[in-house]
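Q: Build the full structure now, drawing on both the sequences and the hints.
Protein chains: 2
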Amino acid sequence: MSSPITPKITSLVDLPSSEAKWVKLQKATYIDASGKERVWEIASRKTTGKSGVDAVAMGNIIYHPSKPPSTVLVIQFRPPVNAFTIEWPAGLIDAHESAEEAAVRELYEETGYRGTVISTSPAVSADPGMTSANMKLCMVEVHLNEGEPEPEQHLEDGEEIQRVNVPLSELYERLEEFAKEGYVVAAKLYHWAAGVRYAIDHPELFKKA
Amino acid sequence: MSSPITPKITSLVDLPSSEAKWVKLQKATYIDASGKERVWEIASRKTTGKSGVDAVAMGNIIYHPSKPPSTVLVIQFRPPVNAFTIEWPAGLIDAHESAEEAAVRELYEETGYRGTVISTSPAVSADPGMTSANMKLCMVEVHLNEGEPEPEQHLEDGEEIQRVNVPLSELYERLEEFAKEGYVVAAKLYHWAAGVRYAIDHPELFKKA
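Which chain is which? The protein sequence lines are A and B, in order.
Each step along the first sequence adds one to the number in our numbering, with nothing skipped, and position 192 is 192.
Each step along the second sequence adds one to the number in our numbering, with nothing skipped, and position 159 is 159.
Treat the hints as calculated values from the structure; they're not laboratory data.
These numbers come from a predicted model, not from an experiment.
Some hints here could point you the wrong way.
Identical copies look the same in the list; a pair holds intra-copy or inter-copy alike.
[What the hints assert, rightly or not] Capping the alpha-carbon separation at 20 Å, the derived lysine-lysine pairs in PhoX-like fashion look like this:
no. : residue 1 : residue 2
1   : K27       : K8
2   : K67       : K8
3   : K27       : K46
4   : K67       : K207
5   : K50       : K21
6   : K8        : K36
7   : K67       : K208
A: Take a look at the structure:
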């Protein structure tokens, strides 16, 4: 990392939901399929907007006239995992903003790239056994011209995000390497890259009848 | 669903970390890359075992002599999202159990299939902006014989899990359909299927130079 200082956690204390701004714990009582009453513990975001969707991630494809097609990943210190993570650019969807608007805005802020959304997933669940948090995956295309300078990021105060461009043909191997080097790779990005790799290695499995 | 009763949440109340068995909220104080002290709110599992990995998911490939290659998905009511979810079989890793052992055990319990782990991912992070929860993806092969009866599940008391076999060639479209029908699709499974689909639709992007 080029950061002059290595971020680190200096204290970790219990947090009552009432004092939390972003997250909360809840206990759900529910009737299961056999009619029995059960309980389940849930971690939720307090910030879920009107759309009911928390976040958007930008599965991005960077096209360049003379460089191999690539994707831009972001590297940042993430206190929840106490490590630098490897993720696709992503962010929370603001109130009154669509997933697609948030995708274009966040990609620009985090990477400087201006992209076009070509598809949007349904709202999918990050970890449905534990949290209500959900997100949409927007696939975004970025078309660069020859000789165009690397764009500037437009980060908010306190955001320290590094970018790294990875050729798509090497994505899976690079994620494996990042993990060996001590970075924490985001599960969703890893699964996309693993799906790509599986389809390339086993094309016969996916042939339509 | 074939369940006689539709599960539903009857109450949702704030839960102090001290009373929770499975999850907790914490406040991390940390030094960022510019040397400034900041705070971050984190939801964690209380159950993370010695291995430091919470869960394993089984990306499974079912081979059959006369049927198209498929994958088995599980459908269950998930209180955190108040809906039936579509996921790959998955479970928490028990203490003193490897990810691979948990994968074989959980696949058998949830689906009845006996599988062989062919690869294991690094520990990847479910939602690193919010939680420390992590998991490994085990790819598992299941080889069935002609005429073999559908195996029985071996569910724990209170587990109500339905299985559905989906041909791999239709996986992405079926996930989109499930979402339209009101099921909540797990983000990791969706990303894998989306990666497969992207590689099939855009093979030129992934060619090695």
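Q: I want to check one pair: K8 and K36. Are their C-alpha atoms no more than 20 Å apart within a copy, between two copies, both, or neither?
A: This pair counts as between: shortest inter-copy Cα distance 11 Å, intra-copy 45 Å.
Q: Is it within a copy, between copies, both, or neither that the alpha carbon of K67 lies no farther than 20 Å from that of K207?
A: This pair counts as between: shortest inter-copy Cα distance 13 Å, intra-copy 30 Å.
Q: At 20 Å max between alpha carbons, let me know whether K67 reaches K8 within a copy, between copies, both or neither.
A: Cα proximity of K67 and K8: none, with 36 Å in one copy and 53 Å across.
Q: What label fits K67 with K208 when the C-alpha limit is 20 Å: within, between, both, or neither?
A: Between copies only: 12 Å across chains, 33 Å inside a chain, cut-off 20 Å.
Q: Give the relationship of K50 and K21 under a CA distance limit of 20 Å: within one copy only, between copies only, both, or neither.
A: within (17 Å within a copy, 31 Å between copies)
Q: Between copies, within a copy, both or neither: which fits K27 and K46 at Cα up to 20 Å?
A: both (15 Å within a copy, 15 Å between copies)
Q: How do K27 and K8 come out at 20 Å by Cα distance, when the copy is not named: within, between, both, or neither?
A: Answer is between: at 14 Å across copies they meet the 20 Å cutoff, but 32 Å inside does not.
Figure legend: structure checked against the earlier numbered hints; the only hint not met is number 2.
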